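Novice: With chain A fixed as given, assemble chain B onto it according to the hints.
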Amino acid sequence: MTDFKIQPIITFSSVSKNFGEISALENINISVNHGEFLALIGPSGCGKSTILRLASGLDSPSSGKIDISTDKVGYVFQDATLMPWRTVRKNVGLLAELEKFDKEIIKKKTDDILELVGLEDFADHYPFALSGGMKMRASLARSLVLDPELFLFDEPFGALDLITRGRLNVELLQLYTSKKFTSLFVTHSVEEALFLSSRVIVFSGRPGKIKGEFEVPFKYPRDTKIRYSSEFAELSGEVGKILEDSS
Amino acid sequence: MLRSYINRSVPPILVLLLVVGIHYSITYGVLEPTRRFLLPPPHSIIYEGFFVPKHRDEIFRGLLLTTKVSLIGLGIAYLIGFFTALLMSQAKWIERSLYPWAVFTQTVPILALVPTIGFWFGFDIQARIIVVVIISIFPIVINTLTGLNGASRNLHDLFTLHKASRWTRATKLMIPYALPDMFTGLRTSAGLAIIGSIVGDFFFGRGSPGLGMLLKVYSSRLRTEELLSATFVACLLGVVVFWTFSYLGKRLVGHWSEAWSG
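Read top to bottom, the protein sequences are chains A and B. All letters in the first sequence, in the order written, are residues 1 to 247 by UniProt numbering. All letters in the second sequence, in the order written, are residues 1 to 262 by UniProt numbering.
It is possible that some hints are incorrect.
[Stated by the list, open to error] Computed cross-link-like contacts, BS3-like style, restricted to lysine-lysine with a CA-CA straight-line distance of at most 25 Å:
#, chain 1, residue 1, chain 2, residue 2
1, B, Lys163, A, Lys107
2, A, Lys209, A, Lys65
3, B, Lys172, A, Lys103
4, A, Lys90, B, Lys216
5, B, Lys250, A, Lys107
6, A, Lys108, B, Lys250
7, A, Lys72, B, Lys163
8, B, Lys163, A, Lys65
9, A, Lys109, B, Lys250
10, A, Lys72, B, Lys172
11, B, Lys172, A, Lys90
12, A, Lys90, B, Lys163
13, A, Lys103, B, Lys163
14, A, Lys219, A, Lys179
[Claimed, not checked] Simulated restraints on C-beta separations:
#, chain 1, residue 1, chain 2, residue 2, range
15, B, Leu252, A, Ala233, 52 to 62 Å
16, A, Ser44, B, Tyr99, 28 to 38 Å
17, B, Tyr99, A, Ile226, 54 to 64 Å
18, B, Phe104, A, Asp67, 29 to 39 Å
19, B, Phe83, A, Ile226, 57 to 67 Å
20, B, Lys250, A, Ser44, 47 to 57 Å
21, A, Asn27, B, Thr171, 40 to 50 Å
Hint data in this document are derived by calculation from the structure and do not stem from the laboratory. It should be emphasised that the depicted structure is a prediction, and the values quoted were computed from it without experimental measurement. Quick reminder that beta carbons are idealized off the backbone N, C-alpha and C, glycines included.
Next comes chain A alone, as it looks inside the complex (with noise of 0.2 Å):
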């Protein structure tokens, strides 16, 4: 197994979310350790996305307990969320700028970061000039250039078409592997989730329970073929039949 320092950076203890009369979320428990690269996956509706907003604090449970140590907290969401007013450079600094940090630490962090997602010459464009790849990719540089230690991800690629989402898959895990930031990744699809992740948990349909746990077995830096060995179609298989079982 990969490198864990074996202790928790977010646990979620008898975690309970109740929307009203709806029970979105019923007894969690989920400990992620420092640099795990965690998937959730489960049927729509099942309180994926309401674990991440329990996570960063943008909601709070109805019951039970979440232990967070960290307070950088970067967070991706399905669509890019840019403003079509600022030019991509001032989109991927706007957190940073909100942290108030110093013009020239933003034009600094910014242009590395720039150039770490490969959107150095798009730099001065609008979004609306930007597909929809690109678009993610300076949605995720805005949350790196504050250099998260956990990073939520709510289906970031979902509304992306298969051959960019295969490659930005590619680019995440580069990133993954250099950055060894923890993650926490909400996807519909298990391949995405077993293509990334160290560990998946598997929920069943609303209200959200946890129905399984896998171990994925293979090491980081991973080589896209895996996604084509035996090993990753049998795990696929299993998670997808308790995926069926479950919704």
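Specialist: Coordinates of chain B only, in the frame set by chain A:
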């Protein structure tokens, strides 16, 4: 470039020619010579309105006054409207408290208010400006409010996560997001402001004459040529103002807003 210019300008010009043609055929074909005063031919309208110095100066001064009243009124309506919308966007209960009154400015029959306004504020420029403000404020409030409330929940979440102040959220997220809608409101209101200024003028019927009062005087004296010249000038003013705000919107937000590009 030239081609698209031609493509865009030729059809409206053809319509204009058609209208002028119909105009002439009514004047000379339909109306008996004794009733021709009802619709004088275009050339005599243009001559009486724009080449007889007395009329030209009258109409020009009226135009200046009407423009001034409209723009001052629109400016005030914009300031009040923008800050009202900003206030409404800050809390649902404020929005609920003010919304019906914003609608009220739109539904109130302005003619019913005119005597009261004249009674309180006299019949000169400030009374007319008040009419303009009442008539033109609604689209500014509603469009700006729609824009201020329109930014996505996720963007708001990012601001929440990074503990942005109310001020930061307003200036970096809500107001920029509202700009395209705000210009839409302004453009609509600009047309209404001119209507308001002419209507106020027309019904107050006292003080220095703007286009509204000229229209009234000309029609009561059966001066059809001047009446139609003044009407034409009023329409032209509306068009110019509309274009100006379209241009401003395009210049200021067209580089990122799809609604205002192209």
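Novice: Would you mind marking each hint as holding or not holding in the structure?
Specialist: Now the hints, each set against the structure:
For a cut-off of 25 Å, the pair hint linking Lys163(B) to Lys107(A) stands: about 21 Å separates their Cα positions. With a C-alpha separation of about 16 Å, the suggested pair Lys209(A) and Lys65(A) falls inside the 25 Å cut-off, and the hint holds. Straight-line distance between C-alpha atoms of Lys172(B) and Lys103(A) comes to about 16 Å, which keeps the hinted pair within the 25 Å bound. Simply put, Lys90(A) and Lys216(B) have alpha-carbon atoms about 56 Å apart, too far for the 25 Å limit, and the pair is violated.
Restraint check for Lys250(B) and Lys107(A): the C-alpha separation of about 29 Å exceeds 25 Å, so the hint is violated. Under the criterion of a C-alpha separation no larger than 25 Å, the hint pairing Lys108(A) with Lys250(B) is inconsistent with the structure, at around 32 Å. Between the alpha carbons of Lys72(A) and Lys163(B) the distance comes to roughly 13 Å, so the proposed pair stays at or under 25 Å and holds. For a cut-off of 25 Å, the pair hint linking Lys163(B) to Lys65(A) stands: about 22 Å separates their Cα positions.
Our distance criterion of 25 Å between C-alpha atoms is broken by Lys109(A) and Lys250(B), whose separation comes to about 33 Å. For the suggested pair Lys72(A) and Lys172(B), the alpha carbons sit about 22 Å apart, so the restraint of at most 25 Å is met. For the suggested pair Lys172(B) and Lys90(A), the alpha carbons sit about 11 Å apart, so the restraint of at most 25 Å is met. Simply put, Lys90(A) and Lys163(B) have alpha-carbon atoms about 19 Å apart, close enough for the 25 Å limit, and the pair holds.
Note on Lys103(A) and Lys163(B): the hinted pairing holds, with a Cα-Cα distance of about 19 Å set against a maximum of 25 Å. Under the criterion of a C-alpha separation no larger than 25 Å, the hint pairing Lys219(A) with Lys179(A) is consistent with the structure, at around 16 Å. Checked against the hint of 52 to 62 Å, the pair Leu252(B) and Ala233(A) passes, with Cβ atoms roughly 55 Å apart. As the Cβ distance of Ser44(A) to Tyr99(B) is approximately 35 Å, the hint placing it in 28 to 38 Å holds.
Roughly 57 Å separates the CB atoms of Tyr99(B) and Ile226(A), a value that falls within the hinted 54 to 64 Å. Between Phe104(B) and Asp67(A) the CB atoms are about 53 Å apart, so this pair departs from the stated range of 29 to 39 Å. Between Phe83(B) and Ile226(A) the Cβ separation comes to about 59 Å, which falls inside the hinted range of 57 to 67 Å. A beta carbon spacing of about 41 Å between Lys250(B) and Ser44(A) contradicts the range 47 to 57 Å that was offered as a hint.
Remark: the range hint 40 to 50 Å for Asn27(A) to Thr171(B) is upheld by a beta-carbon distance near 43 Å.
The structure fails to meet hints 4, 5, 6, 9, 18 and 20 from the earlier list, while all remaining hints are met.
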